[in-house]
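**Q** No gaps in the numbering here: position 501 of the sequence shown is 501 in UniProt numbering, and each next residue is one more.
Think of the hints as simulated: they come from the structure by calculation, not from any bench. Do not rely on the hints blindly, as some may be mistaken.
Said to hold, decoys possible - What follows is a list of derived Cβ distance ranges for each label pair: (1) T110 <-> T405: 18 to 24 Å; (2) L173 <-> L150: 25 to 31 Å; (3) L102 <-> R176: 33 to 39 Å.
By construction, the Cβ of each residue, glycine as well, lies at the ideal position given by its N, Cα and C atoms.
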Amino acid sequence: MIRTLLALLPAGSGPRLAGHLALTTLGVLLRAAGVVLLVPLVSALFSDDPAGAWPWVAWLTLATAAGWAVDSVTVRLGFDIGFGLLESGQRAVADRLADIRLTWFTSGHTATARQAVAATGPDLVGLIIYLVAPIVGAVLLPIAIGLALLPIAWPLGVAALAGVPVLLGAFWLAGRVSHRADRAAAASNSALTERIVEFARTQQALRASRRVGVEGSHVGAALAAQHGASVRLLLLQVPGQLIFGLASQVALVLLAGTIVVLTTSGALAAPAAVALIVVVVRYLEPFTVLAELSPGVESALGVLRDIREVLDAPAVPAGRKAQAGGGAAASVRAPDRSHDRSPDRALGPRLELRDVQFSYGAASAQVLDGLSLTFEPGTTTAIVGPSGSGKSTVLSLLAGLQYPTAGAVLVDGVDAATLTGAARRELVSVVFQHPYLFDGSIRDNVLVGRPAADDAQLELAAQLAQVDELIARLPDGWDSRVGEAGGSLSGGEKQRVSIARALLKLAPVLLVDEATSALDTENEAAVASALAGDPAPRTRVIVAHRLSSIRAADRVVFLESGVVAEDGTIDELLAAGGRFAEFWRQQDAAGAWQLRA
1 MIRTLLALLP AGSGPRLAGH LALTTLGVLL RAAGVVLLVP LVSALFSDDP
51 AGAWPWVAWL TLATAAGWAV DSVTVRLGFD IGFGLLESGQ RAVADRLADI
101 RLTWFTSGHT ATARQAVAAT GPDLVGLIIY LVAPIVGAVL LPIAIGLALL
151 PIAWPLGVAA LAGVPVLLGA FWLAGRVSHR ADRAAAASNS ALTERIVEFA
201 RTQQALRASR RVGVEGSHVG AALAAQHGAS VRLLLLQVPG QLIFGLASQV
251 ALVLLAGTIV VLTTSGALAA PAAVALIVVV VRYLEPFTVL AELSPGVESA
301 LGVLRDIREV LDAPAVPAGR KAQAGGGAAA SVRAPDRSHD RSPDRALGPR
351 LELRDVQFSY GAASAQVLDG LSLTFEPGTT TAIVGPSGSG KSTVLSLLAG
401 LQYPTAGAVL VDGVDAATLT GAARRELVSV VFQHPYLFDG SIRDNVLVGR
451 PAADDAQLEL AAQLAQVDEL IARLPDGWDS RVGEAGGSLS GGEKQRVSIA
501 RALLKLAPVL LVDEATSALD TENEAAVASA LAGDPAPRTR VIVAHRLSSI
551 RAADRVVFLE SGVVAEDGTI DELLAAGGRF AEFWRQQDAA GAWQLRA
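Could you put the whole structure together from the sequences, leaning on the hints where they help?
**A** This is the structure we're talking about:
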């Protein structure tokens with residue numbers, strides 16, 4: 001917890017944090033002084049001269065006022081630290097998510113990331129004020145009271161100090177009893193949240209298949225697991241409360257017994273004994289506060305564990321080369337953001353996969369095994385092959401979305417792993433098979449590729465991707481909202497918007513993954529035309545199943561089981577009569593199918 005908190009604090013927060021701890025300690029000492037001042041005050045009140053209590057009242061008032069002033073400053077400083085923690089925590093989690101390897105994002109880790117992002121809000125702002133400071137105060141106040149009792153009644157002071165580790169140990173033991181059950185309950189709550197979100201998002205498919213009932217579904221199983229985990233947690237909290245309650249009662253009896261022994265032996269006067277009983281009650285109150293804070297402590301620990309898991313997630317290589325530079329790295333610097341699209345610019349970078357091996361996990365089979373491929377500058381290469389042959393994996397490696405387990409991806413002879421993340425992102429533009437559109441306008445979604453683009457550049461990209469026809473048809477034009485994940489548009493319309501976004505980016509490498517596989521004939525022709533009509537100088541790599549996407553390719557690579565089975569131009573491979581020729585015949589025959597009465 002402390003390590004994660006320190007990691008999330010912004011730079012330069014050390015003095016403020018030290019000051020907050022110092023003020024918290026001072027406030028605790030003042031409260032302890034106010035408690036112990038009750039002893040001489042009550043003794044003076046029941047003495048032969050009751051007016052002698054007034055000076056002690058004055059000291060008590062002074063300690064109370066000073067404690068209030070210190071607490072006020074401490075709270076303001078705590079909120080300052082909390083807002084600094086919020087700002088740096090949000091930035092740290094968001095920045096880390098952008099650098100984590102994609103293989104980390106399993107369903108469980110995605111839920112953890114979602115909770116970590118959600119936690120970087122009011123929870124972090126109030127963490128210092130409502131949790132850390134009360135815990136520190138609850139631990140220090142009994143110690144301060146015990147120390148203050150030493151000059152008044154040293155046996156009672158020693159007993160009070162000895163009781164601190166015993167009571168804290170009981171508190172720790174009570175927490176350990178329910179700790180595992182609490183984590184299981186948190187995990188089941190997280191799983192239930194994910195299943196409910198999934199249940200809501202898949203209502204269309206569930207209703208179509210008449211599976212709308214919760215019983216027997218994933219969400220039903222998650223509900224049952226969450227119920228069981230909650231019951232176990234409640235049952236295990238009972239013995240923990242009994243342990244801590246018993247320790248508190250034993251401490252009360254021992255301290256009260258010590259006061260009785262001291263009073264009956266004549267070491268304490270009766271008025272002082274009465275006051276000390278009040279002091280003992282105040283001594284035990286912080287432990288009750290700790291017990292009340294226990295759920296909050298466990299919740300905060302869970303939040304910080306989620307954040308720590310995100311911060312410790314495996315990241316992509318950081319890279320060592322800047323975006324701009326001379327020599328081999330010069331051609332991979334950020335593309336020119338001017339309006340120039342003339343063909344006399346550089347053709348694009350030379351891409352190379354050199355002896356690349358890749359698998360999606362230690363237990364997974366090799367998808368690519370010693371694959372070597374070169375993509376020359378300015379060329380269009382189509383990669384075809386059966387499902388599972390490694391086509392999309394090649395694109396993921398070229399895009400920097402995945403990294404080879406062995407071998408290297410080279411850009412103009414430079415190992416892509418040595419490039420900065422910014423350089424890799426500027427290098428590549430990708431059209432995915434299933435594009436994701438953000439809940440906003442068409443304009444906003446296209447400008448994701450190049451936020452600073454002007455209207456002329458935006459219109460050109462829209463024209464190339466044939467989005468202009470869509471814009472003209474919609475009542476709000478560019479400002480038409482696409483809905484969550486582009487739900488207001490058809491599959492072909494979403495694909496056109498995603499292609500406009502990719503073309504607008506002007507990256508020197510364009511990667512296209514099965515862009516027409518799920519489209520109708522009209523949209524397929526529009527998408528193929530957009531990709532073929534792009535005048536920007538780029539090195540293009542297209543993964544495709546349909547002939548329309550590869551007819552304009554300079555070269556075709558046929559992959560099978562992660563290795564190159566055939567490589568050449570369309571005419572060369574057709575003449576060879578091998579695997580690609582068979583693929584071509586099957587596609588051509590499928591395109592001629594007709595339904596007859």
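**Q** Hint by hint, note whether the structure agrees.
**A** To see whether the hints hold, each was checked on the structure:
1. T110 <-> T405: 18 to 24 Å: Distance hint for T110, T405 holds at roughly 23 Å.
2. L173 <-> L150: 25 to 31 Å: Given a distance of about 28 Å, which is inside 25 to 31 Å, the answer is holds.
3. L102 <-> R176: 33 to 39 Å: holds (37 Å)
Of the numbered hints listed earlier, not one is contradicted by the structure.
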